[in-house]
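Participant: Sequences are here, hints too, so could you generate the full structure?
Order-wise, the sequence lines are chains B and X. Residues 6 to 136 (my numbering) are what the first sequence spells out, left to right. Residues 6 to 136 (my numbering) are what the second sequence spells out, left to right.
Hints listed in this document are in silico derivations from the structure and should not be mistaken for laboratory results. Mixed in with the good hints there might be a few duds.
Repeated chains share a single entry, so a pair holds when one copy, or any two copies, can fit it.
[What the hints assert, rightly or not] Only pairs whose alpha carbons sit at most 30 Å apart, straight line, appear in this in silico DSBU-like list of lysine-lysine:
hint	residue 1	residue 2
1	Lys70	Lys51
2	Lys70	Lys53
3	Lys53	Lys12
4	Lys51	Lys12
5	Lys12	Lys70
Take a look at the letters that make up each chain.
Number of protein chains: 2
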Amino acid sequence: MSSHELKTVIAAADRAIMAEDFDALMDFYDEQATLVIRPGLEVSGKEKIAKAFVAITDYFNHSLKITQDRMTVIEGGDTALVLAEAVLETTGTDGVVTTITRRATYVFRRLGDRWLCVVDNSYGTDLLDEV
Amino acid sequence: MSSHELKTVIAAADRAIMAEDFDALMDFYDEQATLVIRPGLEVSGKEKIAKAFVAITDYFNHSLKITQDRMTVIEGGDTALVLAEAVLETTGTDGVVTTITRRATYVFRRLGDRWLCVVDNSYGTDLLDEV
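Facilitator: Rendered as structure tokens:
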């Protein structure tokens with residue numbers, strides 16, 4: 006499903022992260038959405054998610070670049086499970102570039118003509134390593 | 006989240022599969038749910054899902070045993086993403102037992118006091134291998 010509309014939505018959200026435009030970014034999330042910051046640490050609600058992204062971009066020295074490589078979408082009713090290879094590129098203060106690829110799982114809900122993210126888990130099934 | 010109520014729900018669904026009680030099994034699915042039968046092949050709607058399970062249990066010579074090992078649940082609003090290690094054990098006509106472990110992704114929606122499965126993808130992010 007390479008042409009799924011959610012591909013466009015997620016690309017726009019990634020651009021908002023890179024522009025550090027967290028007001029625009031929050032438009033992609035449901036009010037009750039949950040973000041997995043790292044294994045074992047989740048936050049719910051737009052306010053906490055926005056704060057988490059401020060901390061994340063700061064942590065990565067404002068160098069974070071995010072793209073999604075391969076992606077597939079499985080829709081069930083008004084819900085969609087998105088599986089994607091998220092590619093994160095960061096540049097350290099020493100100029101060294103690090104690239105991390107994760108197999109992510111995102112869940113979206115359709116409200117009218119919009120899709121809103123309800124679960125943002127870039128760690129995918131790797132979270133099971135911590136269970 | 007080892008004590009999450011969805012663990013009990015999924016265990017009951019697995020028992021319905023093993024008992025080949027597909028009427029009972031369909032009570033766990035949303036009307037518009039989607040089942041990934043295998044990479045590249047999905048069906049949506051209870052009727053097609055029930056037929057798929059008839060074919061699946063037949064294919065496995067009515068020997069299919071399913072359990073979920075490690076499991077974690079991430080809730081966002083009325084939606085839950087379940088990550089689980091699904092263990093499938095089958096016995097061939099020659100008596101040889103085969104065990105397959107998959108890192109599965111299930112999406113559930115809460116309706117009142119019930120959880121209904123909207124996306125049943127036992128292949129998890131491995132589906133990206135086919136993209």
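Participant: Checking Lys70 and Lys51: alpha-carbon separation at most 30 Å within a copy, between copies, both or neither?
Facilitator: within (22 Å within a copy, 41 Å between copies)
Participant: Have a look at Lys70 and Lys53 and pick one of within, between, both or neither, based on CA distance no larger than 30 Å.
Facilitator: For Lys70 and Lys53, the Cα distance is within 30 Å only inside one copy (21 Å; across copies 42 Å).
Participant: Checking an output row: Lys53 and Lys12, CA cutoff 30 Å. Within, between, both or neither?
Facilitator: both (25 Å within a copy, 27 Å between copies)
Participant: Taking 30 Å as the upper bound on the Cα-Cα distance, should Lys12 and Lys70 be classified as within, between, both, or neither?
Facilitator: For Lys12 and Lys70, the Cα distance is within 30 Å only inside one copy (17 Å; across copies 37 Å).
Participant: Regarding Lys51 and Lys12, is the shortest C-alpha distance of 30 Å or less found within a copy, between copies, in both, or in neither?
Facilitator: Both: 21 Å inside a copy, 27 Å across copies.
The earlier numbered hints are all upheld by this structure, with none contradicted.
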